[in-house]
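S.K.: Each chain, letter by letter, is given below.
4 protein chains.
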Amino acid sequence: MKSTAILLLHCPDKQGIISEITKFITDNQGNIVYLDQYVDHEDGVFFMRLEWELADFMIPRDKIEDIINTLYRTRYHLEFNIYFSDEKPRMAIFVSKMSHCLYDLLARYKAGEWDVEIPCIISNHETLRYIAEQFDIPYYVWPIEKDHSNKDEVETKEMELLKKEKITFIVLARYMQIISERMIETYPNHIINIHHSFLPAFIGSKPYHQAWERGVKIIGATSHYVTSELDAGPIIEQDVTRISHKDTPHSLIMKGKDLEKIVLSRAVTKHIERKILTYNNKTIIFS
Amino acid sequence: MKSTAILLLHCPDKQGIISEITKFITDNQGNIVYLDQYVDHEDGVFFMRLEWELADFMIPRDKIEDIINTLYRTRYHLEFNIYFSDEKPRMAIFVSKMSHCLYDLLARYKAGEWDVEIPCIISNHETLRYIAEQFDIPYYVWPIEKDHSNKDEVETKEMELLKKEKITFIVLARYMQIISERMIETYPNHIINIHHSFLPAFIGSKPYHQAWERGVKIIGATSHYVTSELDAGPIIEQDVTRISHKDTPHSLIMKGKDLEKIVLSRAVTKHIERKILTYNNKTIIFS
Amino acid sequence: MKSTAILLLHCPDKQGIISEITKFITDNQGNIVYLDQYVDHEDGVFFMRLEWELADFMIPRDKIEDIINTLYRTRYHLEFNIYFSDEKPRMAIFVSKMSHCLYDLLARYKAGEWDVEIPCIISNHETLRYIAEQFDIPYYVWPIEKDHSNKDEVETKEMELLKKEKITFIVLARYMQIISERMIETYPNHIINIHHSFLPAFIGSKPYHQAWERGVKIIGATSHYVTSELDAGPIIEQDVTRISHKDTPHSLIMKGKDLEKIVLSRAVTKHIERKILTYNNKTIIFS
Amino acid sequence: MKSTAILLLHCPDKQGIISEITKFITDNQGNIVYLDQYVDHEDGVFFMRLEWELADFMIPRDKIEDIINTLYRTRYHLEFNIYFSDEKPRMAIFVSKMSHCLYDLLARYKAGEWDVEIPCIISNHETLRYIAEQFDIPYYVWPIEKDHSNKDEVETKEMELLKKEKITFIVLARYMQIISERMIETYPNHIINIHHSFLPAFIGSKPYHQAWERGVKIIGATSHYVTSELDAGPIIEQDVTRISHKDTPHSLIMKGKDLEKIVLSRAVTKHIERKILTYNNKTIIFS
Numbered sequence: 000m001k002s003t004a005i006l007l008l009h010c011p012d013k014q015g016i017i018s019e020i021t022k023f024i025t026d027n028q029g030n031i032v033y034l035d036q037y038v039d040h041e042d043g044v045f046f047m048r049l050e051w052e053l054a055d056f057m058i059p060r061d062k063i064e065d066i067i068n069t070l071y072r073t074r075y076h077l078e079f080n081i082y083f084s085d086e087k088p089r090m091a092i093f094v095s096k097m098s099h100c101l102y103d104l105l106a107r108y109k110a111g112e113w114d115v116e117i118p119c120i121i122s123n124h125e126t127l128r129y130i131a132e133q134f135d136i137p138y139y140v141w142p143i144e145k146d147h148s149n150k151d152e153v154e155t156k157e158m159e160l161l162k163k164e165k166i167t168f169i170v171l172a173r174y175m176q177i178i179s180e181r182m183i184e185t186y187p188n189h190i191i192n193i194h195h196s197f198l199p200a201f202i203g204s205k206p207y208h209q210a211w212e213r214g215v216k217i218i219g220a221t222s223h224y225v226t227s228e229l230d231a232g233p234i235i236e237q238d239v240t241r242i243s244h245k246d247t248p249h250s251l252i253m254k255g256k257d258l259e260k261i262v263l264s265r266a267v268t269k270h271i272e273r274k275i276l277t278y279n280n281k282t283i284i285f286s
Numbered sequence: 000m001k002s003t004a005i006l007l008l009h010c011p012d013k014q015g016i017i018s019e020i021t022k023f024i025t026d027n028q029g030n031i032v033y034l035d036q037y038v039d040h041e042d043g044v045f046f047m048r049l050e051w052e053l054a055d056f057m058i059p060r061d062k063i064e065d066i067i068n069t070l071y072r073t074r075y076h077l078e079f080n081i082y083f084s085d086e087k088p089r090m091a092i093f094v095s096k097m098s099h100c101l102y103d104l105l106a107r108y109k110a111g112e113w114d115v116e117i118p119c120i121i122s123n124h125e126t127l128r129y130i131a132e133q134f135d136i137p138y139y140v141w142p143i144e145k146d147h148s149n150k151d152e153v154e155t156k157e158m159e160l161l162k163k164e165k166i167t168f169i170v171l172a173r174y175m176q177i178i179s180e181r182m183i184e185t186y187p188n189h190i191i192n193i194h195h196s197f198l199p200a201f202i203g204s205k206p207y208h209q210a211w212e213r214g215v216k217i218i219g220a221t222s223h224y225v226t227s228e229l230d231a232g233p234i235i236e237q238d239v240t241r242i243s244h245k246d247t248p249h250s251l252i253m254k255g256k257d258l259e260k261i262v263l264s265r266a267v268t269k270h271i272e273r274k275i276l277t278y279n280n281k282t283i284i285f286s
Numbered sequence: 000m001k002s003t004a005i006l007l008l009h010c011p012d013k014q015g016i017i018s019e020i021t022k023f024i025t026d027n028q029g030n031i032v033y034l035d036q037y038v039d040h041e042d043g044v045f046f047m048r049l050e051w052e053l054a055d056f057m058i059p060r061d062k063i064e065d066i067i068n069t070l071y072r073t074r075y076h077l078e079f080n081i082y083f084s085d086e087k088p089r090m091a092i093f094v095s096k097m098s099h100c101l102y103d104l105l106a107r108y109k110a111g112e113w114d115v116e117i118p119c120i121i122s123n124h125e126t127l128r129y130i131a132e133q134f135d136i137p138y139y140v141w142p143i144e145k146d147h148s149n150k151d152e153v154e155t156k157e158m159e160l161l162k163k164e165k166i167t168f169i170v171l172a173r174y175m176q177i178i179s180e181r182m183i184e185t186y187p188n189h190i191i192n193i194h195h196s197f198l199p200a201f202i203g204s205k206p207y208h209q210a211w212e213r214g215v216k217i218i219g220a221t222s223h224y225v226t227s228e229l230d231a232g233p234i235i236e237q238d239v240t241r242i243s244h245k246d247t248p249h250s251l252i253m254k255g256k257d258l259e260k261i262v263l264s265r266a267v268t269k270h271i272e273r274k275i276l277t278y279n280n281k282t283i284i285f286s
Numbered sequence: 000m001k002s003t004a005i006l007l008l009h010c011p012d013k014q015g016i017i018s019e020i021t022k023f024i025t026d027n028q029g030n031i032v033y034l035d036q037y038v039d040h041e042d043g044v045f046f047m048r049l050e051w052e053l054a055d056f057m058i059p060r061d062k063i064e065d066i067i068n069t070l071y072r073t074r075y076h077l078e079f080n081i082y083f084s085d086e087k088p089r090m091a092i093f094v095s096k097m098s099h100c101l102y103d104l105l106a107r108y109k110a111g112e113w114d115v116e117i118p119c120i121i122s123n124h125e126t127l128r129y130i131a132e133q134f135d136i137p138y139y140v141w142p143i144e145k146d147h148s149n150k151d152e153v154e155t156k157e158m159e160l161l162k163k164e165k166i167t168f169i170v171l172a173r174y175m176q177i178i179s180e181r182m183i184e185t186y187p188n189h190i191i192n193i194h195h196s197f198l199p200a201f202i203g204s205k206p207y208h209q210a211w212e213r214g215v216k217i218i219g220a221t222s223h224y225v226t227s228e229l230d231a232g233p234i235i236e237q238d239v240t241r242i243s244h245k246d247t248p249h250s251l252i253m254k255g256k257d258l259e260k261i262v263l264s265r266a267v268t269k270h271i272e273r274k275i276l277t278y279n280n281k282t283i284i285f286s
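Chains as they are written, first to last, in numbering that gives the first Met the number 0: chain A, 0 to 286; chain B, 0 to 286; chain C, 0 to 286; chain D, 0 to 286.
It is worth saying that the hints were derived from the structure and are not from the lab. Treat the hints loosely; a few may be bogus.
Okay, derived cross-link-like pairs now, DSS-like style, lysine-lysine, Cα gap no bigger than 30 Å in a straight line [unchecked claim]:
no.	chain 1	residue 1	chain 2	residue 2
1	C	96	B	245
2	B	145	B	62
3	C	274	B	269
Take a look, some chain D residues computed to stay more than 10 Å from chain C by CB distance [stated by the list, open to error]:
no.	residue
4	31
5	112
6	176
7	217
8	236
Computed Cβ-Cβ distance ranges for the label pairs, DEER-style [said to hold, decoys possible]:
no.	chain 1	residue 1	chain 2	residue 2	range
9	B	163	C	179	28 to 38 Å
10	C	68	A	184	24 to 34 Å
11	C	176	B	165	55 to 65 Å
For every residue, glycine included, the Cβ atom is placed at its ideal position computed from N, Cα and C.
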């Protein structure tokens, strides 16, 4: 695998932008290996993901951002991020007591499915330490008092750890605590949560019980970026499974676990591949 | 097809009820062709659908209800309904301006998929009269004033028609008016609506626009019995389809149409087959 | 809706082709309203769909093909087709005895869902004439002898009709006859069939019986372009539905009908929108 | 959880059998907690799953089989099996080199999702020993020569181990070897395989490559009991996922992994719960 640069951008839609930017890459000997774009005609916004090989690219990697800035930001009102395929994202996992999502994430990591580092697992409970030990990953526990009196203090420690470990994004693998504004602002659209319902149905706690009470015929799971409004951030992925009147709250929980882990891992995959753009509290997912 | 009797019942769960009732049918020379039962262990309720041939059954059909009443109602606190396969349900369709569900219902009717009569189509608009004419079904239009000042009067006429035509159940095929308490009480759990969202998400009007605003990755449709609370009656059937950031409100409407007609027709099928029991604002759907 | 030109092309992948072609359109005052492209890195092939408004485009519409030919065909080894949004495709429907797909197609047509003309319905049976009459569309019947002795003669008449009616593509809506080489060659990748199985499982006749015999837990339907090999042409769309051991061949047929009509209509939609490219017996479907 | 007896039976359909058997259980003070039955009207076969509490049941557990034999086998031509909920099934896992199914099985086992024992993992490669060690489960490796010259000998050792460990059923978690007749006959309908296609499409090796070659729009996975004919045993569970022309053989493999592990684990769940009956190379799956 050759090293590549990945450019994710959006800007007001304007004729000629694709041809200009692709020409810029090509003229500088960048071999484009991926281009996908999308125009939101309702809002008049242009989105693009461009990936090119760095090998013969004439602009040094530490100058690329600066040059794109200079050439295009003002002219096109461009918002963009540059990533390099050989700089692995660093992922922290937050868990509470349920193991299914954590196992699924770590099994993929161990099998080499993802180009990612996982330097730490953080929890408010000791419960899942044995899994971290199975996979030889440091496990940090800071219990949170029932009255949340120490929550601020705990979060300060967590953020020190995240900083020290150069964490680039966070995965909440059925972590049962509200994330504070402070952490959300430090990782905007970089904290992925899995909610165990088909959002926006059944926001909040015990969604499977809510679903059973309502008598729905299909249940779902939703992965989304965390924002300050509960369960209301940009949706990355959803999936559903059929149920019947024979299901109980318990059987919904069991069926839901399979949904949760698959839906969460699909979101993590897309994030690691830098294929997600967020805009207006929605996601553009490149394929 | 031999004529059959269909018994739909529920009662508090009690040992021996299946064996007693099946024995009663068998002892009276009824050939059982269908038996399905379900126990809700949370609430301790027993549900059963039993169907047997009338040919050699020793109890005359007009005495069956009375005898089951006498023998079992008090003893088992039984709630039940008896239907006969050779007495076709009579279905009224209510429509407004959209044709896709109406066409789907009538195409099935005309192709003989359903053992049902459709004596009338009722609307508040002239728009779809041409379809009724294509299928030679009487089409009645009573416009409703914007201020709803004549709604009570219109509904009185509608209910006279329903009575005259001996309508046994009503299908709202994208009918854009609220049904009154009076009509709901006359047809309890016998008015089927199609809502164009995955309930309980996006209750009320313009659900596809709501879905697009929220940025969901899957949309759905829900058929349910109408109760006095909006979009909150017992759910009969739901289905979903995957969408992406490329979809617009318009494309959601187009994709949703296919969901709506399939989901509505599945519910109508189950109702016509007398395979739905309602309990606690939920449905038990026998297969 | 402003008139647009639609360019569907593929060629060996080569740096700079997107920027060159989009620049060509833009330089000639064509306002690009749609661009989607895809690179098959396995085979090194580039595919693109480009749509631009004709209003201010400086090249007259009858010269566009010629100019693209001259400028790019040789240089890029381009294969391409040009369509104009205001020139509606003309669709012929072939049917035998089953009505569900025909009703679904005509209901969409009548409701104005599709930008298409349907000048004729062709059959080997009188069975569905009443539907054609319901929708006021000419219905032509040429019975085919059981020994197929007159098949060649019938097809000659059919092809005369197709020519006379300027038919651009054909939809086989559960048409139970093999299409000859001659007709396939006249309409290459322009005859859409619906096969009532999840291809390549259950090729040939009675696929629902085959599925029931095999005891599958999911059934499907497949729409594809017709090629000379039976049920082996490029797949356009597939969908599935869950079944159980309780299903019979008859109930599979009933459930399958809903799949067939939806899957066929989705394929027809994509074809009418000129969003399908075929290559190597596969389809590229733009969204 | 109280201990229960589980009776799985089938026999020619005959009036009165449900009432007679449920009466027998009830008369002997067995509290029935589960009853589900199904009649295959095509073949005239009756299937039932009955579960009752052993606490007050007047017949000792070691006499139950004998008594049912005496009372009903001849009279009803009954085929049946008796299981006890407190006698856990013992499961052996066979693997080769891919880890995703193994991790998924062991994560569920460790989380206590299943009432099962897993005394051993058997492989023809050392590759996955680290996972067995992570979960503290004995891992046995017997390499198989490329010419299969030692296959018989290896299988003898494997069967000795299975016998010693009192294995009741086997799960092939992407085990890439053909199972011999001898082992199949020892575990008839008790060896569960996961095949990475939507059977009967793409039997044999490299199904994702076959699927990619054919250009399907949906891929699937199938869990089934192993019989002597390759990939042709009774299907337990299937599921599918949508793909597009953008997928490569590699991305199909990645997407397929999620299907495989979910579909395999659903089958294992049903098997452990003793909810599967096999008949005529099909499964009846109780819910």
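S.K.: For every hint, state whether the structure bears it out.
M.R.: The hints, checked one at a time:
With a C-alpha separation of about 38 Å, the suggested pairing of residue 96 of chain C with residue 245 of chain B is violated against the 30 Å cut-off. A C-alpha spacing of about 50 Å is found between residue 145 of chain B and residue 62 of chain B, which places the hinted pair above 30 Å, so the restraint is violated. Taking the CA atoms of residue 274 of chain C and residue 269 of chain B, the gap is about 37 Å. The hint is violated against a cut of 30 Å. Every CB of chain C is more than 10 Å from the CB of residue 31 of chain D (nearest about 22 Å), matching its label as outside the interface.
No Cβ of chain C comes within 10 Å of the Cβ of residue 112 of chain D; the nearest lies about 22 Å off, and the non-interface call holds. A cut-off of 10 Å between C-beta atoms confirms that residue 176 of chain D is not in contact with chain C; the least separation is 24 Å. Separation of residue 217 of chain D from chain C is inadequate, the least Cβ-Cβ distance of about 5 Å not exceeding the 10 Å criterion. Distance to chain C contradicts residue 236 of chain D as a non-interface residue, since its nearest Cβ pair spans about 6 Å, not more than 10 Å.
Between residue 163 of chain B and residue 179 of chain C the beta carbons are some 56 Å apart, a value that contradicts the proposed interval 28 to 38 Å. The hinted range of 24 to 34 Å is not satisfied by residue 68 of chain C and residue 184 of chain A, whose Cβ atoms lie roughly 56 Å apart. The beta-carbon spacing between residue 176 of chain C and residue 165 of chain B, approximately 44 Å, falls outside the hinted interval of 55 to 65 Å.
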